[in-house]
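Take a look at the letters that make up each chain.
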Amino acid sequence: MLEDKAFCCSGCRTAYQLIHELGLEDYYALNERPGAPVRQAGNDFSWMDDPVLGNRLLRFRSGSRAVVQFRLPAIHCSSCVWLLERMPQFVDGVHEARVHFGRRELELHYNPERIALSALAVQLQRIGYAPDINRADLDGDQERNKSSDPLIKRLGVAGFCAGNIMLLSFPDYLDWDPASAGPMWDLVIWLKILLSLPILFYSGTIYWKSAWLALRRGVPSVDIPIALGMIALSVRSFYDILAGTGPGYLDSLAGLIFFLLVGRWFQDRIYGFLSFQRDYKSFFPASVLKVEGQTRRPVVPDELLPGDVMFIRPGEIIPADGELLSPARLDYHFITGESEPELLAAGAPVYGGARVLESPVEVRVVKGLATSYLTSLWDRDALRGQSHRQARMTRITDRFSRAFTPFVITLAMVATAFWWPAGPARALEILTAVLIVACPCGLALAAPFALGHALRFLDGAGLHLRDTGALERLALLDTLVFDKTGTLTAPGQGLLRYEGRELSPEERAAVAAVAACSAHPLSVRIAGEWGGGLPATASEVREEAGAGVSGIAGVRGNASQYRVRIGSAVYAGYGEDREASAARGVFLSLNGDLPGRLILEPALRSGTRQALEGIVAARKGSESRYRLELLSGDKALEQERMRELFPEGAALRFGVSPFGKLERVETLQAEGHHVGMFGDGLNDAGALAAADVGLAVADDLSGYFPAADGVLHARSLGRLPLLLRYARAMRGAVWTAIGVSMAYNVVGLTFAVSGLLTPLVAAILMPVSSLTVAVVGLSLAWLRARQAGLTVAQGPSSLSPDFFRPDFFRPDVSRPDFSRPDFSEPDFAGPKTPGSEPQPMTILTPAIDQRPV
Amino acid sequence: MSVIVLLILASLAVAAGFLGLFLWAVKDGQYDDDTTPAIRILFDDDKRRKRRH
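Chains A and B supply the protein sequences, listed in that same order.
The first sequence: position 322 = 322 (the working numbering), numbered continuously.
The second sequence: position 32 = 32 (the working numbering), numbered continuously.
Isolated chain B, as found in the complex:
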């Protein structure tokens, strides 16, 4: 029954990891623009490979 201590700590750690990823995404600007990704997702892939500079 005391294994529950371990379980609580483990789940909190995982949740904290997710929180960290969330904060990172916000800092990186992912949530600044929520309209353009919706438009971008409908584009087809380019037929030719994009030239990289």
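Isolated chain A (complex conformation):
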């Protein structure tokens, strides 16, 4: 049964066997390619059995019932949902399993007395859905603690009240005469008053709070005239009704709040699959092994004190600053942007955020988590970034209301003064009428509908923005700053360039044969590119971790053999001096001869050239619209290539530290520029948070983007100029919609000022203006999208077939996966021989010069 099926790796075969044993073969029937390659076993979940740590992961625990939520990035299709929700059938102790597809989460209700938490995680891993757990998960329901009721509840109540009030108001439009109505009049007015209370004091409280905050801060938010309108409406209505002078405007009040809430609900981004809310703790592991005497105990990284010794395994991130107790090779890409790992000796200082490669290492803690470099990077940036953004008022609606609010108040006072001679009562009537009709219902809906719809188009195009504010700021940018590694260049896809004397086909074949026996990603590349020529075999192959691989190889049928060495300059025999150990690239040695070296050049992303060309071409008048800059944490080795891509005069800076990037962005902002930052990884977090718009460029959307305003999918990088143009067009669309709403306001104000604003007029004006503005906004969003060539998103973009491609599980050959710090080095390309376990990866990168860290 198994023999006629092909599997990409032993993990998948195991998963198949397991699923088959359980009689769950339908898993494979539901989709063409369910599941994802099972990454290596070896994730250690035993720390979950620690009562203190494990309990922090649980959402609920009491006696024989516990609830836990796991995030499973591997969930991507209906088969996943199907299989996971059948866990009660094949895992003893689990009695309910529920998947939240949008958030890629699994909620398990289980009996902790029958199965341990770690066993659950192991089971999940066995079927290919290893949970992703990080430090932020230990803090419990920080995200889900909603102190205020969900918007949809308020919307429901508002809809109920508004609909019924409007029905009860119908008689008033047709013929209002309290004398002839009898007892029914009393019933109707009291019902209306009763129904308006929930709207005023429950659904509408959002606006009271917001207006109050805006007043206190002195910000002319649009919520102030809205609150004024609500007050005018309710006061006037209660007075009219109770004094018998009129039917009141409660239907307009209810309608107003209902429409506003609809607008707010429409523009809300309830993302499941993108984690914008998380903070830096998502990048840290949930537990780290602390060495205590002869044993190692898992602890939460926060608990580490200076002097403690941590035991870090390959692929794991060092959580706190410390000093190495043995040599290690570290990857700092994550926090400095350097693309090449460093070899450090015992006693060297290391910083939290570095990833350990190759072999486990012990580190003595120097600074606890709270004061480590990584945390300080985050704290400073996050704090600075937030205040900066709030200070610059760019939201169109707020800008407009800065002029609109004073205008309305002035007009109201003038009208009141004008009508004063007719009696104070009449004048007050006019006052309230002006405030009522000036209440910017349409104005407040222009941006939510137009931009809310635009965000959905952008989703379909691969740009996922956090909220409509980000879209508004995107349109105002004049300076674009790019990170290099991982943003403009694609990790893992490099060009292998050979430098040195020409090699004969026999020599190439020999090198390829030796390289084919090594599991190192660079060896695999060499074997892939140089193999396929003359057939050659290798023998006596030996691999030295961190140095290189050697063997004897020769072309079949040819007598001559070569002693091949592939590796660092020192390993290949170029010398032992400092210069040799600092040399970059993979060096070759053939029978003692030293022909040359291979250099891996990271390839540009496929969209980079197109994006930069399009941006340079964008014009504002006769000048370039955008100023471009490059800020890279990497060494200046690729200057020429970058220089060629960027326009003349663009500043290219290399070797920039994360703080340096943040400072550069702030300097530009101080000069008055609106800065957009494109980056990836934590090393850009500061700049991303500080910039007016910070976009994370990602291959895989299951990472964490706490500092960013949005995520640009790497495949959409080429479309960037188009997306920027769309953003600019949408800003114009909002102004158009506001213009339409103002037209209605002019009509309404005419009625109000001349004393003709009956409840009927108000009741018609408000829904009609709201509807028109909404339709105009939606149509413009759609029209501009078509003009920009953006396709309509087929439903939520997270469900589009493209998104399901499990290519984010395709092993990353030369760079470990940064978005899931708990995973060890990826297994790639399957086992060398069928049935054998995948080889652990050894890094062949030659020694880099030892810089002081």
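These are calculated hints, taken from the structure and not from any lab test.
Accuracy of the hints is not assured; some may be wrong.
[As the list claims (entries may be wrong)] List of simulated lysine-lysine pairs, DSS-like, C-alpha gap at most 25 Å: (1) 635(A) <-> 27(B); (2) 209(A) <-> 290(A); (3) 153(A) <-> 27(B); (4) 153(A) <-> 209(A).
Start from chain A and add chain B according to the hints.
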């Protein structure tokens, strides 16, 4: 004609009942996830009865 008073009150009561059910559904988390039920609905019933723990 005054029966309309009764009718108005009755219909409001029914509508209030629906509102109550709606609020209950929201509180219970029904609207937290609107993508997964769409997937679940397409599954066939299991051929064997699920074992209950």
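Output the numbers, in ascending order, of every earlier hint that fails for this structure. Violated hints: 1, 2; rest satisfied.
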